[in-house]
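Enquirer: Make a model of the complete structure from these sequences and hints.
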Amino acid sequence: MSGQDDPVQREIHQDWANREYIEVITSSIKKIADFLNSFDMSCRSRLATLNEKLTALERRIEYIEARHYVYVFLYPKVTKGETLT
Amino acid sequence: MPLVKRSIEPRHLCHTVLPRAIKNELECVTNVSLANVIRQLSSLSKYAEDLFGELFNEAHSFSFRVNSLQERVDRLSISVTQLDPKEEELSLQDITMRKAFRSSTIQDQQLFARQSLPIPLQETFDLCEQPPPLNILTPYRDDGKEGLKFYTNPSYFFDLWREKMLQDTEDKRKEKRKQKLQDPRMYDQVYRYLDLPGQVRGNDRTLEAEKVPRAPHDRKKEWQKLALGAELAEEDPEEALKHREPNGSAAYHDRSGAPLYLDGMDGPFSLAALPYSQMNELLNRPGDRMYTRPHDPPPPPPMHPLGDIKPPSMISSSSGFSDSRPQSPAQTHGFSSNTPPPPPPPLPPPPPPLPSMSGSGQRGTPPPPIPPLPIQQQPPAIPPPPTLQIAPGVLHPAPPPVAPPLHLSSPARLQQVLDKGPPPGQLDCTLLPPPPPPPPLPLPGARSSSPCPPGPPPPPSFLSGAVASPLSHSSGKKHAACLPPISDARSVLLEAIRKGIQLRKVEEQREQEAAKHERVGNDVATILSRRIAVEYSDSEDESEFDEGDWIE
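Those protein sequences? They're chains A and B, same order as listed.
Just add 23 to wherever you are in the first sequence, counting from 1, and you've got our numbering.
Just add 247 to wherever you are in the second sequence, counting from 1, and you've got our numbering.
Heads up, a few of these hints could be off.
Derived DSSO-like pairs: lysine-lysine, alpha-carbon spacing no greater than 27 Å straight-line [said to hold, decoys possible]:
hint	chain 1	residue 1	chain 2	residue 2
1	B	K425	B	K746
2	B	K425	B	K752
3	B	K270	B	K252
4	A	K53	B	K252
5	B	K746	B	K421
6	B	K411	B	K427
7	B	K419	B	K396
8	B	K425	A	K54
9	B	K752	A	K54
10	B	K423	B	K411
11	B	K752	B	K419
12	A	K53	B	K423
If you are wondering where the hints come from, they were derived from the structure by calculation, not from laboratory data.
Expert: As structure tokens, this is what we get:
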């Protein structure tokens, strides 16, 4: 039997081998694509967390600066007003 | 259905049509599949690069923010730890110069605009079919809108919302304005002139529109009042003569722009028709009653030395005019001797040039010495006061300009107003045309212009050209001034002035609207902040909303 359609069998055998080869390649491509997607998502979520923390810090800094400004610059103005103005 | 951001290009490896003349089809399919695999790998690498690029950009921006945050923390810690020792060193200027603390919070805006579309999605969007090219019909439209806007307008809803918000803001502002106007009207003017921080600062956008449109309205009211007063005396030129006091003062800049200007216009005598002395009186009449010096004498004497210029014409005009006036017999006599030509023709040119000359020459001189003209005195001008001042002493500047040939009576008139306009300064500056540059032009024009009647047609053209740039209503005023002198001139001038004021007010309002719309921009936060500021906060709170803070 193997000798009957040897060329055809060989061809078909070869074709199967090629297809398996191609299948390996395409599945690898899919894995790479999946990896990239998941990497992208995880990165974005981490960056978003970072962004949130940064924003919170920035707001706190604003608040502290405002309080400090009032205390350092405007408050002395009030206390020193009698002497200097 | 989620939108695919990145899709690998050859989706199907072997869904291709095989060529006919192929012996080993299986091999062919294999090769085609392998080729497509390579293409898939290339698109994959492209998307991977894009993906990592986006992540990198985001992380990079975070690094900037972290660095700036670090600097701020360091600065704050330093200033906090070093607070006590430095407290004594703070200078008073330092304290007073510090403004209120301004929070520079950045708000994220325009998150889903076309510009923020990711690149792969933008490429997918570009693959889509374009809308029909309706914009090629835009040049043929009458209303100036884009043709494509009627087919698809991405900003339709935003424009709708923005218009609604701006309208609401305007309504609220007007409500507040009405509330403010419930106070005596003076308060508004006081606010305007005092430039109170609560009103002026803060929301410039909301207040500027209030202030500017209000200004012309006030002036218009004042002018109307004065116009009514002047018009009453309009019918009786004799009265004006009697009321007119010779004044050689150039008090123009002392007087308020509106009354002075209006009075000049409403006077029974047009600029062109009045002789030099009369014009001075009329010009000086407005607002300032302090000046009651007879101005007739000053003008005539100076005219004599002029000689070569046009003294005879001027004198004749003045004399001709003065003839009708019982008050200035002496001057009249003096002039009559020198003025053989008929008064009317020379009247228009001489008076305008003289006042203009004197005005130009004497701009700098202070008004006090010039006696104020009675209010009844008509004519517009600001120029008369300056001319009177100059007349006594400084004729030099006047003569040279007068020398140039006379072209149009209207130019002279225009010149007068131009010259007189600037010096008065206080007058409605908008009404005054540019004085210094034109003097030579208008003066010659005034001289050359012979009688008043021919004046009107040429003056409008000349006036439009000369005045076009500075003020629209001044040209309108000139047109009116060129009409038959005396009685008609006043009413026409008055109408022209009123129209001018109207024009100016509308222009200013339009400019304000345009400027406001430009300033708003496309910031939702800005629009909302403005609206909220007008709605809920007081005038002081408006200062908190700084447009710059809200732009991303």
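Enquirer: So, for every hint listed, does it hold in this structure?
Expert: Hints, verified against the model:
{"no.": "1", "hint": "K425(B) with K746(B)", "result": "26 Å, holds"}
{"no.": "2", "hint": "K425(B) with K752(B)", "result": "19 Å, holds"}
{"no.": "3", "hint": "K270(B) with K252(B)", "result": "41 Å, violated"}
{"no.": "4", "hint": "K53(A) with K252(B)", "result": "16 Å, holds"}
{"no.": "5", "hint": "K746(B) with K421(B)", "result": "25 Å, holds"}
{"no.": "6", "hint": "K411(B) with K427(B)", "result": "24 Å, holds"}
{"no.": "7", "hint": "K419(B) with K396(B)", "result": "31 Å, violated"}
{"no.": "8", "hint": "K425(B) with K54(A)", "result": "70 Å, violated"}
{"no.": "9", "hint": "K752(B) with K54(A)", "result": "71 Å, violated"}
{"no.": "10", "hint": "K423(B) with K411(B)", "result": "18 Å, holds"}
{"no.": "11", "hint": "K752(B) with K419(B)", "result": "21 Å, holds"}
{"no.": "12", "hint": "K53(A) with K423(B)", "result": "65 Å, violated"}
Checked against the numbered hints listed earlier, the structure breaks hints 3, 7, 8, 9, 12; every other hint is satisfied.
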